Amino acid sequence: EDGSYAFNEGGYYANTVTLSLAASVSYTVDGSAKTELFSNICDAFDKANEIGTATVTLQKNITDDITDTIAVTGNVTLELNGKRLSQPGTDVWYSIEVTSGKLTVNGSGLIKRVAVRNGSKAEINGGTFSDFIIKDGGNAVIKGGQFYSLQVSGEGRNVGQLLADGYAYRSIIDSGIWSTIAEREKQDIANVEVKEAPIKSATATANKTVLYRNGGGARQILFNFNVNTSDGYTISDAN
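Its first residue numbered 356, the sequence shown is counted upward by one per residue in the numbering used here.
Hints were generated in silico from the structure; no laboratory data involved. A couple of the hints might just be wrong.
[Claimed, not checked] EDC-like, lysine to aspartate or glutamate: derived pairs with alpha carbons at most 20 Å apart:
1. Lys498 to Asp543
2. Lys415 to Asp385
3. Lys415 to Asp398
4. Lys457 to Asp486
5. Lys476 to Asp491
6. Lys476 to Asp529
7. Lys457 to Asp491
8. Lys498 to Glu478
9. Lys476 to Asp420
[What the hints assert, rightly or not] Simulated restraints on C-beta separations:
10. Ser455 to Ser387: 20 to 28 Å
11. Thr560 to Asn513: 24 to 32 Å
12. Thr560 to Gly474: 35 to 43 Å
13. Ile528 to Thr560: 34 to 42 Å
14. Lys490 to Thr422: 34 to 42 Å
15. Glu548 to Gly474: 55 to 63 Å
All of these numbers come straight from a predicted model, not from anything done at the bench. Ideal Cβ placement from N, Cα and C applies to all residues, glycine included.
Using the sequences and the accompanying hints, generate a full structural model.
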């Protein structure tokens, strides 16, 4: 009656049914793993929010089933599963709005518009977003994904603060150019993907010898350097 279909212990349905599955919702109750199937994407998220901690896995492209913004109020993980989650037109502006709790996004797939607000959180590990907006005290940690438009609002906020440690923005249209410090200090950035940075850390120190223009000192300055790359290599003057 609620649009859900639960697995029995053998992994089959009690009755043979014909339906178009939108998503599955997986969660744990009293140590037992459970999965329910939903033909309506909004019902799937409602169930995930009700459970509190659950995973929603898309089972088909959702392109015209969103009649209202999907709210995330629990600890919800969205597995895109190579699918699309979007709505036609602009009558419903956001596909998903995280109003409390946390949204984690994994896998490949497309989401049209997502907003994170009211002190809620998001963790982005994959996906392609036409618009991703952080506002009203929301926050995000980004470790992957592509963003055609990424914005953050609030005094002192910038898009660089959203990156997980060791990650950076890279252009998806300008031959893979990495973003500059100035670009990361803005409140918006466009047409980028998030990748592990090629250099995780770098240090350089000079000796204390003073170089004078007209003699009376050293003719050169020696630098000691140490560079750690994202693939685990360390390059230094000792190598």
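Self-check item: Violated constraints from the hint list, given by number and in increasing order
Solution: Violated hints (numbers, rising): 2, 6, 9, 14, 15; every other hint is consistent with the structure.
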